[in-house]
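Asker: Chain by chain, the residues:
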Amino acid sequence: MQTNELLNNYHVDPRTWDEMYSLSAVRPQYEGVVSFLQQMSAEELTKKEELAKRLFMSQGITFTVYSSGEGIEKIFPFDIIPRIITAAEWKYIEEGIRQRLKALNLFLKDVYNSQFILKDGIVPSDMVYSCPHFLREMHGFPVPHDIYVHIAGIDLIRDSDGTFYILEDNLRTPSGVSYMLENREITKRIFPDLIPKNNVRTVTEYPAILHRNLASLSPRQTSHPTIVLLTPGIYNSAYFEHTTLARLMGVELVEGRDLVVDNHRVFMKTTAGRQPVDVIYRRVDDHFLDPLVFQPDSLLGVAGIMSAYRKGNVAIVNAVGNGVADDKAIYAYVPAMIRYYLNEEPILKNVPTYQLGNPEEREYVFSNMNRMVVKRTNESGGYGMLMGHSASDEEIHRYQQEILKDPRQFIAQPIISLSSAPCYLNGELKPRRVDLRPYALCGPDGIEIVPGGLTRVALREGSLVVNSSQGGGSKDTWVLTN
Amino acid sequence: MLSRVADSLYWMSRYMERTDGILRMLRINYASSQDDLQNFSWKPVLSIFTYLDKDSAAAIAHQSRAVLQYMVTDKENSNSVLNIVTLSRENARSVQDHITKELWQCLNDFYHTIRDDQVVRGLYADDPISTLDVLIRHGLLYYGITDITMAREEGYAFLNIGKFIERGVQSAGILDVRFSDLQLDFARTDPSYWKYLLLSISGFEYYLKTYRSGFDARNVVEQIVLSANFPRSILYSINRLQLHFQRLRGDGNQEAFQRIDFMIGKIYSKVRYSTVDSILQQGLHDYLVAIKEDLYKVGIALNQHYFAYS
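Taken in order, these protein sequences are the chains called A and B.
Using my numbering, read the first sequence as starting at 1 and increasing by one per residue.
Using my numbering, read the second sequence as starting at 1001 and increasing by one per residue.
Everything labelled a hint here was simulated from the structure, so no lab data went into it.
These figures come from a predicted structure and were not determined experimentally.
No residue lacks a Cβ here, since even glycine has one placed at the ideal position from N, Cα and C.
Do not rely on the hints blindly, as some may be mistaken.
The list that follows gives simulated cross-link-like pairs (lysine-lysine, PhoX-like), each with its CA atoms no further than 25 Å apart [to be verified]:
id, chain 1, residue 1, chain 2, residue 2
1, A, Lys197, A, Lys47
2, A, Lys349, A, Lys102
3, B, Lys1043, A, Lys74
4, A, Lys48, B, Lys1101
5, A, Lys102, A, Lys74
6, A, Lys74, B, Lys1075
7, B, Lys1054, B, Lys1043
8, B, Lys1292, A, Lys269
9, B, Lys1101, A, Lys53
10, B, Lys1101, B, Lys1054
11, A, Lys91, A, Lys311
12, A, Lys269, A, Lys102
13, A, Lys269, A, Lys48
14, A, Lys269, A, Lys109
15, B, Lys1209, B, Lys1043
16, B, Lys1101, A, Lys188
17, A, Lys311, A, Lys269
18, A, Lys311, A, Lys109
DEER-style ranges, computed between Cβ atoms [unchecked claim]:
id, chain 1, residue 1, chain 2, residue 2, range
19, B, Val1276, A, Ser223, 14 to 22 Å
20, A, Val65, B, Gly1250, 42 to 50 Å
21, A, Val65, B, Glu1076, 19 to 27 Å
22, A, Ala42, B, Ala1059, 50 to 58 Å
23, A, Glu73, B, Asp1133, 18 to 26 Å
24, A, Glu50, B, Glu1076, 41 to 49 Å
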C-alpha cells in the first residue's frame, strides 16, 4: 500500500530523539495519528496541505513583506502533521515552567528594588548593569501585584536522550500565540474528527485567561476597565496576531497615535472625545514605548506613558524592563536564582552556557568552536548567531574578532541536536528538528499554562534553527489528556 | 469608538461603494460598446471615474480593452478597482476587531481575487463581462455580509455614512457627465443612450415601470435626483445619510453632531423641495456641482470632528 510507503520511508537519525519513533516502534502517543495516516494516500495529504494553505490565505493569517512599494502576502509555513506531547511530559514541563517563572518574577522585583541577589553575589552586578535592557527608569517602582512577567513564551528543546532543556526565556513581548490558536483551528478543518478521537486538550481558553488577568490589573476600581492592545501598526509582521488577540478578548486595538497622555493619565482618542485607559497590553518594545524616556524619534509609542505608568495610573503588560531577565547572559544564572529565591532544585535544565566575557570560558569556547553555537545576548529571532559545526574557518575567524570587541555581548552553548518530528514535505514524511514554546500567563491568582503551545520546526534538512525569520515553520501542538 | 477606527470604517465603506459603482459602469458600457453603430467612446466613463487629462483620455477612449485594464487592474491609476479594493482591505485590516470575521474574510478574498492574474487575462483576452461579474459578486457579498453580520452600533453608522456620501457623489457625477456629454440637448431621442445610462446604475427596470411613455430626459433627471424609492437617487442617498448620522446623536460630541446634522438636513431639504423644473431653471450642471460640494463638505466636517486623531 502506498501509505505504508509514506511511513516506511520515514528514516530517523539514530543520534536524535524522534517524537514519533523510538528505535523502530511508534511511540504510543502517536499511534492514533499514525493509524489515521495509514489510511491516507499521498495525494489526499497533499490536498489537505493545499486546503490548509488556502484557509490561511483567505482568513488573512498572513504577514506582508514589502518590496518595491508593493505588499506581498506571505503565510507562516504550517506543517499539517501535529506534534504530540504526553500527559506525563506536559506535567513535567508545566511544573518546570511554573517554578522558573516564579523565580524570574522574584528576580525582576529584586533587581529593580533591593538587589539582594547582587549584594549576595549570586548574580554578578556587572552582568546586570551592562545589560542594555536593564532600565534604571524601573528602579524602586512597585508594579501591580509584584508581577513583571504576565505573559511568557519559554522555549524548550529536547536533546538526543529526550531530556527537555530550556533554550530561552522570552519575557518581553513573546509572539506566536495566535498561531497556537489558529493552527488548531486549521487542524480541525483539514482532519475532521481526528482531535476528539485522540483526547487532545483544548487551547481555546487562552484569550479568556489573558483577559481576566489584564482586567485584574486595572488601577481604577471599576467593573469594566478599559483594556487596550497597543500594536506598532499594520506594517508589523505580527499584526495578524495583534488583531486576533484583540478580537478574541474584545478589547480595543490601538496604535501609539490613538493614545495621548494628559496629567499623567492615558487616554484614547475616540469619536466621543477622550476616554481613560486602564490597562495596556503592549506589543511595542521597551525602547519605542515612550519617546520622552527612551528612543526620542520613536513614533510607535506614546509620549508621557512612562510617567503615567510610574504614577500607577495605568498598568503596562508585560512590565517595562523585563529584558534584563531574559538576557542570554543572565540566562545562565536562572538555576542559581531558583535555588536562591525558592530554595528548590531547578526542574527543567538549562543548556550549559559559557560567558565569553570570562577569559577562561572564552578560551575554552575558542578552542572548541565547531561544537558550539555562539549567540549575541541581546538579539533574538535567530539573528547574529554562529553555528560552529557548519561555519567555515573564515566565518569563525571573523566572528571571533567580533567577539573580542565586546565579549559581554556574546555567549556560547554546546550544540544541542534538537528532537525531530515528522513533517509532510513534497509528498513525503521527513524528520525535521523542532522546539516547543508553551505560553504561560501570570495573574494575581497564580501561573496558568495553556496545554499546548507553538511547535516551531526547521523545515530545511539538517537545520537546527527554527526561527521563522530563518526559514522555520510551525505545527499544531497537542497535549493529550492521558 | 476610536477616531482612527471610525475613519477607517468610513473609508473602507466609501471605497467599496466606489468599487461597485465603477464595476457596474464598466460592465454596462462594455456591453453597450458591443451594440453601438458608431465608434463607442469611453470618454464619459473616464471623466467620471479617473483623473486622466483630456489627451490621455482621448488616447484610449475608443479602446475598450485598454480602458478596462486601466480602470480595473492598473497599478498606476490611483482610482483603479485594484487600488481601491486594496485600500478598502487595508482599512479593514486595521479595524479587524471592529468588523465581523466574515466581513474581513470577504474583503480579504476580494483582494486576493483581484490580484490574481486571471483577472488581467479575463479582461484582456477573454469575455470581460464574466470577469466583471465575478468582481461585482464579491462586492454584493460584501453588502450582504455587512447587512447580516454587523451589529447596529456606531461602527455600522460610520460604514453607512461613508457609503451614502459616496453614492450621492457618484450619482450626481454620473448624471452631470452624461448630460454635459449631450450638451444639454434634451431633444436627443436615441433611446439606447438613456437605456445604458439607467442600466449602469441598475435603474432601467424601475424607469420602465414608472414612466411608461418611452424615454424622456426630464424623467431621467427626476429618477436619478428626486426619486424617493430608487436606491441610487441623490434624494435616497441623502435620506439614508441623514438616518445613519442620527445614530450618532447622544454619543457625546454634541456640538459636532449638531453642526453636521444641520449641514445634512440642509442638503436634504434642498433636494427634497426641488422639482425638475426648478433644477433646469437653475441649470442642471450648477445644481449637481453644488450638491457634490455640499456632500464633500460633510466629509470634511466629519474628518474634523469625528476622525481627527493625529
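Asker: Confirm or reject each hint.
Answerer: A quick look at each hint next to the structure:
1. A distance of roughly 22 Å separates the Cα atoms of Lys197/A and Lys47/A; the hinted pair therefore holds under the 25 Å criterion.
2. In summary, the hint linking Lys349/A to Lys102/A is supported, as the alpha carbons are separated by about 16 Å, within the 25 Å threshold.
3. The straight-line distance between the Cα atoms of Lys1043/B and Lys74/A is roughly 39 Å, outside the 25 Å bound, and the hint therefore fails.
4. Annotation: proposed proximity of Lys48/A to Lys1101/B holds, straight-line Cα distance about 23 Å (limit 25 Å).
5. Among the hinted pairs, Lys102/A with Lys74/A is inconsistent with the structure: their alpha-carbon atoms are about 37 Å apart, more than 25 Å.
6. The straight-line distance between the Cα atoms of Lys74/A and Lys1075/B is roughly 20 Å, inside the 25 Å bound, and the hint therefore holds.
7. A distance of roughly 9 Å separates the Cα atoms of Lys1054/B and Lys1043/B; the hinted pair therefore holds under the 25 Å criterion.
8. At roughly 30 Å between alpha-carbon atoms, Lys1292/B and Lys269/A are farther apart than 25 Å, so this suggested pair is violated.
9. Taken as a hint, the Lys1101/B and Lys53/A pair is honoured in the structure, with Cα atoms around 18 Å apart against an allowance of 25 Å.
10. With a C-alpha separation of about 43 Å, the suggested pairing of Lys1101/B with Lys1054/B is violated against the 25 Å cut-off.
11. Annotation: proposed proximity of Lys91/A to Lys311/A is violated, straight-line Cα distance about 40 Å (limit 25 Å).
12. This hinted pair does not check out: Lys269/A and Lys102/A have alpha carbons roughly 37 Å apart, beyond 25 Å.
13. As the CA atoms of Lys269/A and Lys48/A are separated by approximately 45 Å, the hinted pair breaks the 25 Å bound.
14. Only pairs whose Cα atoms come within 25 Å are accepted, and Lys269/A paired with Lys109/A is rejected, the gap being roughly 33 Å.
15. For a cut-off of 25 Å, the pair hint linking Lys1209/B to Lys1043/B is broken: about 30 Å separates their Cα positions.
16. A distance of roughly 18 Å separates the Cα atoms of Lys1101/B and Lys188/A; the hinted pair therefore holds under the 25 Å criterion.
17. Distance hint between Lys311/A and Lys269/A is fulfilled; the C-alpha atoms sit about 21 Å from each other, no more than 25 Å.
18. A threshold of 25 Å between alpha carbons decides the hint, and for Lys311/A with Lys109/A the separation of about 17 Å falls inside it, so the pair holds.
19. For the pair Val1276/B and Ser223/A, the beta carbons lie near 59 Å from each other, so the given range of 14 to 22 Å is not met.
20. As the Cβ distance of Val65/A to Gly1250/B is approximately 45 Å, the hint placing it in 42 to 50 Å holds.
21. For the hinted restraint 19 to 27 Å between Val65/A and Glu1076/B, the CB-CB distance of approximately 22 Å keeps it satisfied.
22. Separated by about 54 Å at the C-beta atoms, Ala42/A and Ala1059/B satisfy the suggested range of 50 to 58 Å.
23. Remark: the range hint 18 to 26 Å for Glu73/A to Asp1133/B is upheld by a beta-carbon distance near 25 Å.
24. A C-beta distance of roughly 34 Å is found between Glu50/A and Glu1076/B, which places it outside the suggested range of 41 to 49 Å.
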